[in-house]
Amino acid sequence: MFKIIVCIKQVPMVSELPWDSKTGTLKRELAQGMMDPASRRALEAALRIKEDRAGEDQETHITVISMGPEMAREILYEAKALGADNGVLLSDRKMAGADTFLTSFILAEYIKKESPDFDLLLCGSQTSDSETAQVGPQLAGELLIPAMGYVQSIELDDGMVRVQRHVDDFMELLEMDLPGLLTIDQGAYSPRYVALEGIERAFHTDDIRTVNAGDLGLDRDFNALKDSPTRIIDVYSPATRKENQVLKGAVKKVVGQLFDEYGKIISGAMGKDLKTHDHEGAK
Amino acid sequence: MTGTKDIWVLGDYRNYFHSRVTLQILARAAGLSAKTGGRVCALVFGDHVDEYVNEYIAHGAETVYVIDDPALKDYSVENYSFLMTRLVKEFKPETLLVGATRFGQEIAPRVAKYLKTGLTADCIDLDIDAKGRLVQIAPSFGGNLIAKIITPEKRPQMATIRPGTFQELKHDNDAEGEVIRLPLPSDLPAKKIRCIRSEYKPSRNRKLEEADIVIIGGRGMGSKRKFKKLFELAELVNGEVGATRPVVYADWISHDALVGQAGKHVKPRVLFSFGVSGAIQHTAAVTDADFIVAINKNPNATMMKMADVAIMADANQVCSGIIRAVKEKIRD
Amino acid sequence: MDFMPCYKHQLIRKTVKEFAENEIKPRVSELDRDSEFPFDIIEKMKPLNYFGLQVPGEFGGADLDTISYAIVVEEISRVSAAIGLCVTVHNSVGIYPILKFGTREQQECFIPAMAAGESIGAFCLTEANAGSDAGGVETSAQKIEDEYVINGTKIFVTNGGVCGTILVFAVTEGERDLANVFIVEKERPGFSVGEIEDLCGMRANPVSSLFFEDCRVPVENLLGKSGQGLKIGLAALDAGRIGIAAQALGIAQAAFEDSVSYARERQQFNKPIAKFQTIQNYLADMATRIDASRLLLYRAAAVKDSGKSFSAEASMAKLHCSATARKVTDLAVQIHGGYGYSKEYDVERYFRDAKVTEIYEGTSEIQKMVIARHILNQPS
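Protein chains in written order, with this note's numbering: chain F, 1 to 283; chain V, 1 to 332; chain R, 1 to 380.
Hints should not be assumed to be uniformly reliable.
Now the stretches of chain V that chain R is said to cover, found in silico as 3 or more residues with beta-carbon under 8 angstroms [claimed, not checked]: (1) 55-68; (2) 291-303.
Capping the alpha-carbon separation at 16 angstroms, the derived lysine to aspartate or glutamate pairs in EDC-like fashion look like this [claimed, not checked]: (3) Lys46/R / Glu118/R; (4) Lys343/R / Asp258/R; (5) Lys267/V / Glu232/V; (6) Lys8/R / Glu261/F; (7) Lys252/F / Glu328/V; (8) Lys305/V / Glu243/F; (9) Lys297/V / Asp214/R; (10) Lys3/F / Asp157/F; (11) Lys186/R / Asp214/R; (12) Lys191/V / Asp177/F; (13) Lys116/V / Glu142/F; (14) Lys329/V / Asp177/F; (15) Lys267/V / Asp288/V; (16) Lys73/V / Glu199/V; (17) Lys355/R / Glu344/R; (18) Lys3/F / Glu44/F; (19) Lys275/F / Glu153/V; (20) Lys329/V / Asp260/F; (21) Lys226/F / Glu199/V; (22) Lys207/V / Asp157/F; (23) Lys224/V / Glu23/R; (24) Lys224/V / Glu21/R; (25) Lys224/V / Glu30/R; (26) Lys264/V / Asp227/F; (27) Lys272/F / Asp212/V; (28) Lys192/V / Glu175/F; (29) Lys264/F / Asp308/V; (30) Lys8/R / Asp169/F; (31) Lys154/V / Asp227/F; (32) Lys191/V / Glu175/F.
Hints listed in this document are in silico derivations from the structure and should not be mistaken for laboratory results. A virtual CB, placed ideally from N, CA and C, is assigned to each residue, including glycine.
For reference, chain F alone in the conformation it holds in the complex (with noise of 0.2 angstroms):
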C-alpha cells in the first residue's frame, strides 16, 4: 500500500470576488470558495499515481488534508469525488489567521499524529489567494523529510521518486528518496473534471473528519493569529490611480489625438519612424 496525502486548500473563487473598489477592502465573506486551482494539480498527480498503480495491481490510499473553517469541507467532498480516500478538516478558530509558519506547523501536528507511515506528500506549488509558495517547503521542514518544488512528472521507484522539473530556465531530471514533499507545477497535471457520479458517491458515507486544535494537542492557549512570528500592520489598496489623459469620441477622432500627442513615444518604441500629422505644429 501506497499511501499519498495532499495538502488543499480552498481559496475565494477570484472571478467572483466581491471587490470594493471605493473603500479598497475585499468582501471575503460574500466570495465563493473553490478549490485552489494549484491544490487540484497536487491531487490530480496523487490520482494518476493511482491509477497507474492499479493498472498494475498495486494499492494505493490517498488522504487529503485541508486547513480552514467548516465551509471548506465542500472541497474534501471534491476531492472525494474525483477519487481520494478520505479526507481531513483541521477547523479551529485558534488556527485561523495563521501564516505559512504556523499553518505547516498544524499540518505536521497532524501528519505526526494520524499518518506517520505516508510515503509521499502532494501540494501545490503555490495557492491562487495569497501566492507565497511557502507552505509545502515548510511543511517539509517541520518533517524533515526533502521536497522538491514545482515538478513537472512523477516516477515512482522502489523507495524514491523521479521527478522532471524546469526552474530558473533549468530542465532537470532528480531522484528523491521517500517519504518526501513535492509541489506540482502551475503547468503540470492539467486536472480532470468532476464526474457527476463522482459527487453522488462522495456524499453517500459521510466520513470527512474535522479534527480541531484540541484534538492535535496544541496548547489550551495556542492562537495561530497571535503565535505567527509574522504580523500585518497595515493593508490599502494598491495606488493606481495617476494623472492622465482621457481620450473620447469617436474612434477615428481618439485614434488620432493618439498618435498626434503621443505618435513619437509610440514611434520610438517602435524602432520606425511614423509620418506625423499635418497638423503636429498646432499642438
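Fit chains V and R to the known structure of chain F by using the hints.
Using the frame of chain F, we list chains V and R on its own:
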C-alpha cells in the same frame, strides 16, 4: 539572542548574467543599512565561485561569506538550507533576504522554518519603520491588496524579493569588500535528493518579457476571433501579445501569454491594454511599463486609471483604428 | 424546511458551471451562428455522466436526485441553452420513461448506451396535425406477427439529427385504437431523419423531422403495456417540464448576470446606467422573478423525488420559469439598448432562445390547463 545589524543577501547566481535579482537586492540592502547601521553581506556557496564574490562586491556587498568547495557543485536546496541555517545561527544577522527565483522560493521557507522565524513571500518593496524594523511589503489577498508585514520578535527578519523590484547599483570596479572564507562543515548531511541531469534551457519565450511594445488583450476584446486582431497590430508595431487570465482560460491564446502574478511580468516602453479591467494580479505585472495606453468602455476600470492615456471606447474598434492609422503612417 | 443549498448541490453547481464556462462558453456564439451541434463537446461530457444524470449506478449513471438534475440543466443552459436542451430531453423524455415503464430487459438493453451518451435519446409526439392535442396523432403502428410496423412523420424533434434511441408515440389500430410508445433504434430500416429545422433559437440543437416508413420493430420494443401510451407520454412530459423549467431558468440567469455587469459598465450622462432608478427597477424585477422561479422549480423537483404526483408542481414551475426567461431576456435586451439587439452580445441569443420555452414540452396555455385541472380535481 542579540545579533548584529547586518543585512544578508543570498547569492543566487545560477542564472547570472540573465537573472539580476541578487544585485537588485544588494542595492536595496545598501539603502536599508544606511538607516539601520550594520553591514550589507552576501552569501556565496558553490564550487569556484570567485567570479560572483567579486561581482557582488562591485555591486554593493561590504562583506561576502564564502564556502567554496567541490562538494557544493550542485545547486542543492538541501546543502544551501543547511549552510544558511548554520551561518545565520553563528553570525546572527538582523535580516536575511533572498531573491524570489524558484530556487529562492524553495530554500527560503525551509531556512525560515529551521530558524523558527517568519518569512514574507515575494516582496515588492522593503522599508524600515521608526523602530528600525524591516517592513516587508507584499501583495496579499490574491494580489488585490498590498500588505505591510513585520516580524516583531523573531530574528532574522526574512523576505523573498520579486525579481525586478529594485534597481541594481552601477558596477563599481573599485569597490572593496571583505571576503570571509569558511570551510565546508564536516557534518553536512547526506543528500536525499540526487541530480541526475540538469541542462540550461531558457524558458520558451522571453520575447514578451523583453519586448518594447506589449499589446495585452482582455475579455473586452469580445471573442477569440476579434482577439486575433491584436496579432496583426503586434506584427505592425514590432510588439508582442499578452493576455489576462480570463482570456487564457477561455483559450483565446495559450497560457504562455498570461501576463500577471501567475504569469509573466512585462516592462515595455509602450503598453497597449485592450479591454482589460485590471485585476490586481494583472496590473501588478505591468506597472513597470513606461507608458500605458488603455482602451476600455468603462472609464472606472482599474487599468484605465493607471494608464497614461485612457481611451474610452470599444477595445476592438480602437484596435482596428490603430491598425489603420499605423499602416497609413509607416514610412515606406 | 431548509432553503440553503447543501454541500452536494453547491458542488454540483460549481462543477457544471466550471465545465460549461471552460468548454462550452468559448464556442457558444459560433455554434449558434453556424447551427452546429458540437460533437467534440458532447464527447467530453460523456464520461462526466451528463447523459445518465438520474440513471442508477448499475447502468452507468450518476443516480442524482432531481434537484441536482435541475441544477445541471440550469448551469449548462446558462451558457448554452441548446446544449442544455439536448441534455434535458435526452435524460427526461428519452431515458426517464424507459426507467419508469420499461421492463428489466428493455432497461438492460437500452439504458447503458444512453447513459454513456453513446446513443442520444429523443421523444417524438408532435406531428403536422398534432401538438398540444395528442389525440390528433396519425402515426400508426400495425402489429404483424411479432413485429410492429410504424408509419408516419414526426416534426420538431429535439435532438432529431443526432438521436440514436427514439421514443415514438403512435396509434395501434385494432378493435379500439390504442396509444402506444415504441422504442426505435436509429438503425431500424424504414427510419430516416429529415432536414434540420431553421429555427429562431436553440440553433445548436439539431431539431428535425423524423420519418417512419414501414419501420419494423420487434414487439419487445413496445414500452409499457399496450394502451399505456398516453400515460407514458404524460409522465414523460411531467419530467420533461422540470428540465425545461431548469433550462429557462438558466437562460434567465445568464441574461440577468450580463445585464448587471453591463449596467455597471455602460456610461450614459456621465454615470453608469446602473445608477438610474429605471435600470435598478428592471434589475430588481429580474432578480425577484428568477428567485421565485428557482424556488418553484426546486420544489417541483423535491416533490418528484418524494414519489408523490408532481404534475401540477412541474407545470407551475415550467409556466413560471419560461415566463421569467422571456421577460428577463426582454429586459436584458432593453438594458443593453442597441448593443442588445446585436449579435456581438449574448443577450440577443438569450432573447431568441427564451421564447420556445413557453412553447415546447406543453405550451404555457397547456400548463395552465394542467394546473387548473389539478385545482378543480381537489375535493371541495
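Hint check: Lys186/R vs Asp214/R, CA-CA at most 16 angstroms. Holds or violated?
Holds, because 14 angstroms separates the two Cα atoms, which is no more than 16 angstroms.
Given the hint that Lys3/F pairs with Glu44/F, does the C-alpha gap stay at or below 16 angstroms?
holds, 15 angstroms
Taking only the CA atoms, is the gap from Lys264/F to Asp308/V under or equal to 16 angstroms?
It holds: about 14 angstroms lies between the C-alpha atoms, which stays within 16 angstroms.
Straight-line alpha-carbon gap Lys207/V to Asp157/F, limit 16 angstroms
violated, 38 angstroms
Given the hinted pair Lys116/V and Glu142/F, is their Cα-Cα distance within 16 angstroms?
The hint holds at about 10 angstroms.
Take a quick look at whether Lys224/V and Glu30/R sit within 16 angstroms of each other, Cα to Cα.
At roughly 10 angstroms apart (the allowed maximum being 16 angstroms), Glu30/R and Lys224/V satisfy the hint.
Between the alpha carbons of Lys267/V and Asp288/V, is the straight-line distance 16 angstroms or under?
holds, 5 angstroms
16 angstroms limit on alpha-carbon distance, applied to hinted pair Lys267/V and Glu232/V
violated, 21 angstroms
Is the Cα-Cα distance between Lys343/R and Asp258/R 16 angstroms or less?
holds, 14 angstroms
Holds or violated: Lys192/V and Glu175/F, Cα atoms, limit 16 angstroms.
holds, 8 angstroms
Does Glu344/R lie within 16 angstroms of Lys355/R when you go C-alpha to C-alpha?
violated, 20 angstroms
Does the alpha-carbon distance linking Lys264/V and Asp227/F stay inside the 16 angstroms limit?
violated, 35 angstroms
In this structure, the earlier hints numbered 1, 5, 6, 9, 14, 17, 19, 21, 22, 26 and 30 are contradicted, and the remaining ones agree with it.
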